[in-house]
Amino acid sequence: MGKPKTIVEKIWEKHIVHEEEGKPDLLYIDLHLVHEVTSPQAFEGLRINNRTVRRPDRTFATMDHNVPTIHRNVIKDEVSKTQMDTLKQNCTEFNIPLADINHPDQGIVHVIGPELGLTQPGKTIVCGDSHTSTHGAFGALAFGIGTSEVEHVLATQSIWQAKPKTLNVKVNGKLGTGVTAKDLILAIIGKFGVRFGTGYVLEYTGEAIRNLPMEGRMTICNMSIEAGARAGLISPDDTTVEFLRGKRHVPQGDAFDEAAKEWKSLATDEGAIYDEMVEINADEIEPQVTWGTNPGMCIPVSANVPVPESAKTDNEIEEIERALEYMGLEGGEPISSVKIEHVFIGSCTNSRLADLKKASSIIKGQKVHPNVTAIVVPGSHSVKKAAEAEGIDIIFKEAGFEWREAGCSMCLAMNDDVVPEGERCASTSNRNFEGRQGAGARTHLVSPEMAAAAAIEGHFVDVRHMKVPTA
Amino acid sequence: MEPIRKHEGIVYPLNRANVDTDQIIPKQFLKRISRKGFGQFLFYNWRYDSKGELREDFSLNKEKYQHASILVAGENFGCGSSREHAPWALQDYGFRVIIAPSYADIFYNNCTKNGIVPVQLSPSEVQQLIDNAEASDYKLTLDLESKAIYDNQGFHADFELDGYKREMLLNGWDDISVTLTHDDKIKQFEQQRELS
Numbered sequence: 001m002g003k004p005k006t007i008v009e010k011i012w013e014k015h016i017v018h019e020e021e022g023k024p025d026l027l028y029i030d031l032h033l034v035h036e037v038t039s040p041q042a043f044e045g046l047r048i049n050n051r052t053v054r055r056p057d058r059t060f061a062t063m064d065h066n067v068p069t070i071h072r073n074v075i076k077d078e079v080s081k082t083q084m085d086t087l088k089q090n091c092t093e094f095n096i097p098l099a100d101i102n103h104p105d106q107g108i109v110h111v112i113g114p115e116l117g118l119t120q121p122g123k124t125i126v127c128g129d130s131h132t133s134t135h136g137a138f139g140a141l142a143f144g145i146g147t148s149e150v151e152h153v154l155a156t157q158s159i160w161q162a163k164p165k166t167l168n169v170k171v172n173g174k175l176g177t178g179v180t181a182k183d184l185i186l187a188i189i190g191k192f193g194v195r196f197g198t199g200y201v202l203e204y205t206g207e208a209i210r211n212l213p214m215e216g217r218m219t220i221c222n223m224s225i226e227a228g229a230r231a232g233l234i235s236p237d238d239t240t241v242e243f244l245r246g247k248r249h250v251p252q253g254d255a256f257d258e259a260a261k262e263w264k265s266l267a268t269d270e271g272a273i274y275d276e277m278v279e280i281n282a283d284e285i286e287p288q289v290t291w292g293t294n295p296g297m298c299i300p301v302s303a304n305v306p307v308p309e310s311a312k313t314d315n316e317i318e319e320i321e322r323a324l325e326y327m328g329l330e331g332g333e334p335i336s337s338v339k340i341e342h343v344f345i346g347s348c349t350n351s352r353l354a355d356l357k358k359a360s361s362i363i364k365g366q367k368v369h370p371n372v373t374a375i376v377v378p379g380s381h382s383v384k385k386a387a388e389a390e391g392i393d394i395i396f397k398e399a400g401f402e403w404r405e406a407g408c409s410m411c412l413a414m415n416d417d418v419v420p421e422g423e424r425c426a427s428t429s430n431r432n433f434e435g436r437q438g439a440g441a442r443t444h445l446v447s448p449e450m451a452a453a454a455a456i457e458g459h460f461v462d463v464r465h466m467k468v469p470t471a
Numbered sequence: 001m002e003p004i005r006k007h008e009g010i011v012y013p014l015n016r017a018n019v020d021t022d023q024i025i026p027k028q029f030l031k032r033i034s035r036k037g038f039g040q041f042l043f044y045n046w047r048y049d050s051k052g053e054l055r056e057d058f059s060l061n062k063e064k065y066q067h068a069s070i071l072v073a074g075e076n077f078g079c080g081s082s083r084e085h086a087p088w089a090l091q092d093y094g095f096r097v098i099i100a101p102s103y104a105d106i107f108y109n110n111c112t113k114n115g116i117v118p119v120q121l122s123p124s125e126v127q128q129l130i131d132n133a134e135a136s137d138y139k140l141t142l143d144l145e146s147k148a149i150y151d152n153q154g155f156h157a158d159f160e161l162d163g164y165k166r167e168m169l170l171n172g173w174d175d176i177s178v179t180l181t182h183d184d185k186i187k188q189f190e191q192q193r194e195l196s
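Same order as they appear, the protein sequences are chains A and B. Residue numbers for the first sequence follow our numbering, beginning at 1 and rising by one. Residue numbers for the second sequence follow our numbering, beginning at 1 and rising by one.
It is possible that some hints are incorrect.
Unchecked claim - Pairs of lysine-lysine residues, derived as DSS-like cross-links and limited to a Cα-Cα distance of at most 25 Å, are as follows: (1) A:K23 to A:K163; (2) A:K76 to B:K147; (3) A:K23 to B:K51.
What the hints assert, rightly or not - Below, a sample of chain B positions facing chain A; criterion: calculated Cβ distance under 10 Å: (4) D22; (5) I33; (6) N114; (7) S136; (8) S146; (9) K147.
Source of the hints: derived by calculation from the structure; they are not laboratory data. From the three backbone atoms N, C-alpha and C, an ideal C-beta is built for every residue, glycine too.
Could you build the full structure based on these sequences and the hints that come with them?
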């Protein structure tokens, strides 16, 4: 037996193409996911320098950020349309497989990767998108890159990376009923701050993580970037293997069992050493709601919005004051009394079938509050079809939700799905930054269950106290 | 990219922590397919009100910072989205150097691919620079070769920067051409992989 290793060390060692003293390592990339917003300048760079895409077979593209969610082919914004057309032309020119707007595989890039089985344990995965960390749920080393790096990976199938430090986020105990993976990751960021992960790859361990299904694990890893970490991952286990079994791009039959054995061997060894460790108890966590303008500004639904004077330094006091002003909130008011006008269920954080099912179980037979406009945007075309096959769309529609086509939608509001200035949205997405859902829009991040409950009540409410109709 | 060795410039202080890339450049400006022309949209929602009028109360709109090329800001600068449009906007607006106590990783990397030097100094040094720049017209000099930042009033701080990134910035190199000198190694890696 050699020295015990973390999964990060194991994946890293298997992907070094070139190493040199005093330089980052040149790391091989197994899967490069591409979307319309961060790729056009990269393809243009290839053309200018007369370069080609080294491995189109390890590259996969889709359209998600700009796509309309009402009528698929009615794209009012000419600039958005140009961006989508450009991706199509680039994929044709460089032979890259593309799930375009009318393709049955289309969806949010971080939803379709796992769905198609492109995402697999032990792979190095990059995409010009910070939420690439999502794929870490499978025990892949997955991180977001900028457009220059997209161009670099297209041209060389590799990337220069300094070996990251590792941070073990250990989650002890069990999550209570009605408390979700979203509440857990918000509570982690709330407790340790929006930069505790900077410079690290987070590995989530502990009983509560092991008990999570893949959808929950993806929600957790997705928001690693909101803690400052480029990547977050979870060692593969039987849950991982069973999720992937039968997916289109994984090995089939006996070859799958072989692969599964190898995947599980990647799990962090007993006794492996991390650079840092933090711990949190799952049993203490309540459903969370963000009150401010970054994901660390979150509180349990039973709590009051903080008062600026509770902060330690002048800069922190100012930060809270600025956030309260932007959010139109008073320090000290109960978050449960805050009224909302919009609900968005969707995004790469929470738009999978399991998320939609759980949200629908809260609203079944009830009506969306008259002051609220509520939309559901499935993460992919497949999620939409699967939900429709189970009648989940009917539950939403009967309650008064709009049932849309797949895309990033109101998470970043690059398409027409925008929250108007000064209005408030309970959102299952990942960022409550100023202006994220529209200039002057006020975002509160919550779980799908909490968003559904808020849609019915018109304000935040502890979903654990909602009367859920018996099915 | 344009090489950068030594740079003297006016300092613009942005005394805020966790400035995210949605603030640096809002999403409605990410639809362009070229790398150019993003400077006009820098900090758009802070610089302009909902009618598109300049907000006089936002510091970057002040006369004294009009030709600033060194941005000093709080912790975790550039957090959030991976959009390289953020450094493109900063660079196009005229910033060549950023100084902060900490950065988001992706943003930090993106800067070094675009000829912007991200300098990391201690929180107290950064606060001192912010105070200086808020109090008067203030200039700093970056010397990338010796990895130092200084003024003409006695402030001097050394900073760390990865040797590889420094070399790329100093020479304005495109790292794809550097990587392609290792093409044989990439091929070898792929062949071994396919055999096993």
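Hint by hint, here is what the structure shows:
1. Annotation: proposed proximity of A:K23 to A:K163 holds, straight-line Cα distance about 10 Å (limit 25 Å).
2. About 49 Å separates the Cα atoms of A:K76 and B:K147, which puts this hinted pair outside 25 Å; it is violated.
3. For the suggested pair A:K23 and B:K51, the alpha carbons sit about 49 Å apart, so the restraint of at most 25 Å is broken.
4. Taking 10 Å as the C-beta contact cut-off toward chain A, the hint placing B:D22 at the interface holds, the least distance being around 4 Å.
5. Against a cut-off of 10 Å between C-beta atoms, the interface hint on B:I33 holds, since the closest Cβ of chain A lies about 4 Å away.
6. Against a cut-off of 10 Å between C-beta atoms, the interface hint on B:N114 holds, since the closest Cβ of chain A lies about 7 Å away.
7. With a least beta-carbon distance of about 21 Å to chain A, the hint placing B:S136 at the interface is violated under the 10 Å criterion.
8. For B:S146, the shortest C-beta to C-beta distance to chain A is roughly 17 Å, which exceeds 10 Å, and the interface hint is violated.
9. With a least beta-carbon distance of about 14 Å to chain A, the hint placing B:K147 at the interface is violated under the 10 Å criterion.
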